[in-house]
Amino acid sequence: MTRTLIFPLYPKHHGGGNIRLALRAGRVETDRRRMTYSGFHLAFNLPLLLVLFFFSGKGFWPGEMVIVMLAILGIVVAFTSPWDNWAVARGIWDFPPERIRFRIGKLPVEEYAFFVIQSLEVMMLSWGFLHWFQPPAGAPMPRWIGEPQVLRHLGIGGSRP
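Numbering (the numbering used here), first residue to last: 1 to 161.
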């Protein structure tokens, strides 16, 4: 027996359609005729990123925060790209060519964008929680990795007071 569920993706006047799921004996098949990876980012990830930007409550961040965020993004891409490229090269998963713009290595450029967008969403959500849920007055503040004392302890910099 097959049951078909239809979920609106975005309005037809935006060129969108529906996501159609066919449930067959525990298997889910999707009708993905119109959705591209870029379209997915535009429909779901970028609006969430914009909401989280405003939720974070800080507007634009100080220079030190931007440097830390860029470092984290570099680490995320550097750590995630090799195994994701490896998995695509071995056929564990792949991305339909008609749904992507172009590839860098074995991955579509949208996959690299996903690494960055998802990481920014987590950072902004965390920053928002820190902004909106302040610790009680007089509570000790946790130290973060960029503080000179922490860097000195790790042996990677910071001058003595």
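If you are wondering where the hints come from, they were derived from the structure by calculation, not from laboratory data.
Be a bit skeptical, because a hint or two may be false.
What follows is a list of derived Cβ distance ranges for each label pair [said to hold, decoys possible]: (1) M69 to V109: 14 to 22 Å; (2) F79 to F40: 18 to 26 Å; (3) R101 to F79: 36 to 44 Å; (4) L49 to G91: 29 to 37 Å; (5) Q134 to D94: 39 to 47 Å; (6) M65 to R34: 34 to 42 Å; (7) G138 to A43: 43 to 51 Å; (8) V66 to G91: 21 to 29 Å; (9) R34 to G105: 53 to 61 Å; (10) P47 to G138: 18 to 26 Å; (11) W132 to W93: 23 to 31 Å; (12) P82 to L49: 21 to 29 Å.
Remember, predicted model here, so these are calculated numbers, not experimental data.
Beta carbons: idealized from backbone N, C-alpha and C, even for Gly.
How the hints compare with the structure:
1. For M69 and V109, the Cβ-Cβ distance of about 21 Å falls inside the hinted range of 14 to 22 Å, so the restraint holds.
2. Checked against the given bound of 18 to 26 Å, the beta carbons of F79 and F40, roughly 23 Å apart, stay inside it.
3. The hinted window of 36 to 44 Å between R101 and F79 is violated, with their beta carbons roughly 23 Å apart.
4. About 31 Å separates the C-beta atoms of L49 and G91, a value consistent with the hinted range of 29 to 37 Å.
5. Between Q134 and D94 the Cβ separation comes to about 46 Å, which falls inside the hinted range of 39 to 47 Å.
6. Restraint check, M65 to R34: a C-beta distance of roughly 38 Å satisfies the suggested window 34 to 42 Å.
7. Evaluation of the 43 to 51 Å hint for G138 and A43 yields a pass: the beta carbon distance comes to about 45 Å.
8. The given range of 21 to 29 Å is broken by V66 and G91, whose C-beta atoms sit roughly 39 Å from each other.
9. Checked against the given bound of 53 to 61 Å, the beta carbons of R34 and G105, roughly 27 Å apart, lie outside it.
10. Checked against the given bound of 18 to 26 Å, the beta carbons of P47 and G138, roughly 39 Å apart, lie outside it.
11. Between W132 and W93 the C-beta distance comes to about 37 Å, which lies outside the given range of 23 to 31 Å.
12. P82 and L49 have their C-beta atoms about 25 Å apart, which keeps the hinted 21 to 29 Å range intact.
Going down the numbered hints, you'll see the structure goes against 3, 8, 9, 10 and 11, while the others check out.
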